[in-house]
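Use these hints to put chain B onto chain A, whose structure you have.
So the protein lines, in turn, are chains A and B.
For the first sequence, the positions run 1 to 105 when the numbering used here is used.
For the second sequence, the positions run 1 to 167 when the numbering used here is used.
Each hint should be verified, as a subset may be incorrect.
Said to hold, decoys possible - Some chain A residues well away from chain B (every beta-carbon gap over 12 Å; in silico): (1) Thr-31; (2) Asp-38; (3) Gly-49.
Unchecked claim - In silico contact screen, one side only, chain A against chain B (beta carbon under 8 Å); selected entries: (4) Gly-22; (5) Asp-55; (6) Glu-84.
Treat the hints as calculated values from the structure; they're not laboratory data.
Values in this document were obtained by computation on a predicted structure and should not be read as measured data.
All C-beta atoms, glycine included, are put in the ideal place defined by N, C-alpha and C.
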Amino acid sequence: MKAYTIEQNGAECRVVLTGDLGASILNELKTDLKRQIDQGALQVVFDLGKTCVIDSSGIGLMIAAHNSLARKQGRLAVANASPEIFQLLRSMRLIERLNVSERAV
Amino acid sequence: MKGSVSTRSFRLHRNLASRLVEVEALCHELRALFTPEPLAASAFAVELLARETLNNAVLHGNAGDEGKRVVFELHCGRKWIRLSVSDQGPGFNWKNRPQALPSDIADGGRGLPILALYAERLQFNRAGNRVTLWLRRPPESANQRPQPGRKPAAAQPINQLESRIAS
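Excised from the complex, chain A in its bound form (with noise of 0.2 Å):
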């Protein structure tokens, strides 16, 4: 089973975590993700809303992600982050940056 699933709609695309992200899913899903930048998205969401961890890795990648939207005036965001990963990318300052979200309780 896949770690994620991409949902794309028009300039949207919703990247969709089914477990945690990490090291072991990056090469994968950059390569996705590069590939749905490369074909016109400009609004990208990762769907934190099963996802226990993220690691330095994991949020390396989102800001990538984030510097390659920005250079075509896209956006991200990060949706439904745990108590926890939100504690982290605060700790990061990068609650802003990445326009997150917390899980509703």
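What follows is chain B alone, placed relative to chain A:
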């Protein structure tokens, strides 16, 4: 059995091949181990620290050489949790690596800052191919699931350390 878990000290020792799939399996084992109360308040920090150090050992320390091994040791005591990860690479000059946060548009450089944020103490051996981390095991009274409007117990020490890194 809740009472016996709360006061129990235990150890875990694993010898892994340098493969991310083995890191993933060990992290899931840790998650299962730390999910029950009263260890749950430490679960996120333990798994995050384990992931960061194991990924580093596999990808950087052993440079992806599957013939080299990574040794993981965990000791969960009554007051402290200690993790240790060593690899068979040449090590790195950890004294020259910044623990401060990188620019918020940098897509790398957050591994060590995360270790410094979530571990109360961080120690490398001289060669730089073995790292040991300590985190305080929360008192049992602090072991509560996050509730609406309340930050989880495990987030509290991070806030304290955040100001240290920011200064």
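Against the structure, the hints come out as follows:
no.	hint	verdict
1	Thr-31	holds, 15 Å
2	Asp-38	holds, 18 Å
3	Gly-49	holds, 16 Å
4	Gly-22	holds, 6 Å
5	Asp-55	holds, 5 Å
6	Glu-84	holds, 4 Å
Checked against the numbered hints given earlier, this structure breaks none of them.
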